[in-house]
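*Asks:* Sequence:
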Amino acid sequence: MTWFNFGRERQNLKFYFLHCASILVLVFFLYCLVKDNTLLSNHLAFGILLVLLLFKLIFANVLLNQSTNDNAHLYDLINNAPMLSYVQDKKGQFLFGNARAQKFLSTGVDVTLDGKYIEIPLEVLKEEELKELDKVLQTGGCFQTEKPVKLKNGDYSWYSVHKTPLKNQNGKVYAIATFSRNIDAEKRIQEQRETYIATLSHDLKTPAIAQVRALELLLSGQMGEFNEPQKEMLKLTLDSCHYMYDMVYTLLSTCKFESGAVKLNYSSVNMIELLQESINEISNLARENSITIECVLNDNNYSVNADKIELKRVVINLLSNAINYAFSGTIVKIILKSVENKFEFRVINSSPYIEPEVMLGLFRKYVSHSEKYNKVGIGLGLYLSKKIIEAHGGEIIAESLKTQSNTFGFVIPISQKAVEEEPIDVVTV
Numbered sequence: 109m110t111w112f113n114f115g116r117e118r119q120n121l122k123f124y125f126l127h128c129a130s131i132l133v134l135v136f137f138l139y140c141l142v143k144d145n146t147l148l149s150n151h152l153a154f155g156i157l158l159v160l161l162l163f164k165l166i167f168a169n170v171l172l173n174q175s176t177n178d179n180a181h182l183y184d185l186i187n188n189a190p191m192l193s194y195v196q197d198k199k200g201q202f203l204f205g206n207a208r209a210q211k212f213l214s215t216g217v218d219v220t221l222d223g224k225y226i227e228i229p230l231e232v233l234k235e236e237e238l239k240e241l242d243k244v245l246q247t248g249g250c251f252q253t254e255k256p257v258k259l260k261n262g263d264y265s266w267y268s269v270h271k272t273p274l275k276n277q278n279g280k281v282y283a284i285a286t287f288s289r290n291i292d293a294e295k296r297i298q299e300q301r302e303t304y305i306a307t308l309s310h311d312l313k314t315p316a317i318a319q320v321r322a323l324e325l326l327l328s329g330q331m332g333e334f335n336e337p338q339k340e341m342l343k344l345t346l347d348s349c350h351y352m353y354d355m356v357y358t359l360l361s362t363c364k365f366e367s368g369a370v371k372l373n374y375s376s377v378n379m380i381e382l383l384q385e386s387i388n389e390i391s392n393l394a395r396e397n398s399i400t401i402e403c404v405l406n407d408n409n410y411s412v413n414a415d416k417i418e419l420k421r422v423v424i425n426l427l428s429n430a431i432n433y434a435f436s437g438t439i440v441k442i443i444l445k446s447v448e449n450k451f452e453f454r455v456i457n458s459s460p461y462i463e464p465e466v467m468l469g470l471f472r473k474y475v476s477h478s479e480k481y482n483k484v485g486i487g488l489g490l491y492l493s494k495k496i497i498e499a500h501g502g503e504i505i506a507e508s509l510k511t512q513s514n515t516f517g518f519v520i521p522i523s524q525k526a527v528e529e530e531p532i533d534v535v536t537v
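Residue numbers for the sequence shown follow our numbering, beginning at 109 and rising by one.
Just so you know, the hints here were simulated from the structure itself, not pulled from any lab data. Not one of these hints is a red herring.
Straight-line Cα separation of at most 16 Å, EDC-like style, residue types lysine to aspartate or glutamate; simulated pairs: (1) K260 <-> E235; (2) K275 <-> D197; (3) K510 <-> E463; (4) K371 <-> D415; (5) K510 <-> E465; (6) K295 <-> D263; (7) K198 <-> D242; (8) K224 <-> D292; (9) K280 <-> D242.
Turn these sequences into a full structure, and let the hints guide you.
*Replies:* Shown next as structure tokens:
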């Protein structure tokens, strides 16, 4: 390590200036030593110069030891990692790695979790590596992905890859560390689970809708009249069938969105009409919970380029949640507006405060805060809603205030801006 090896020594801008100042001081005393200068005696200048040189050597040695220790820790981490672990330079040249990684990068051979040997063509492996390294170098940040890799036999094998840039004290990338593992077993289990749920949901969907139609026919009076207690019993049974059908439909739709089997059918959707239809469908739920729904609607025609069926599912889900968790006798408020060519939908209710860590988990699969409030739920409604909105190029809104006011909604692109807000209607249910 030399005096001018700034890259390894300076850790921040402050140290850089101190480093430059120390060099200037050394040059000054060296000048005093070799010149006949009256500012300092030669002996004094020589003594100070020796002290500064000794300090410099000690300081450099400390930094060198620290660098050596850091490298030793990196070697230990790479060599003992239970996966493919290796370090490459910026051009993709292998620097060091564990034995499994060395074999993988030199032969393309790897072993899956269940002991199966697989082989990847080296040209494919190298091409993928260079693409991923280029992404790390372009962004200067980590790169993570799950990808299928084509094998020599024509099959595909799944890998999880995480690449981390290694930077010097200047913040410049000098190498890239890679941690990768085969995830065929995980993907197989996930696929089996999703196939099972999709098959089960599909098989339950047909009898569920048959029950709903039969009960609706009985309640219509076409097959004879029932007394009030009998009608009440039929209505309760119909509500249960509707709930079961909605749950099955949600499970099936979730599987389709996750597998990429859903293709959105875009059309021009009047959001005011869609909202009114949604309110009508959940009006009974609002009355049962003594909830009043209020929303301000323009006389104008909000037109959104979206899949009406899927978007209506999101609106009904958000409204139903707002009603179910709201305090009895309160108002659920709906706000519609356009912001910078985007349509914004918000539902605000008066309900218990949701902690930030709980809020972050609400949109994950099978996560629900229903149990806390003695409600029933499978934890897929918000998860599916988020998937639908993201498929439309939008984002979910979720806010909670300690004043016991919660807001859920979404923002999606619109096909045209709403015209000026002149007359308005206040709709109350």
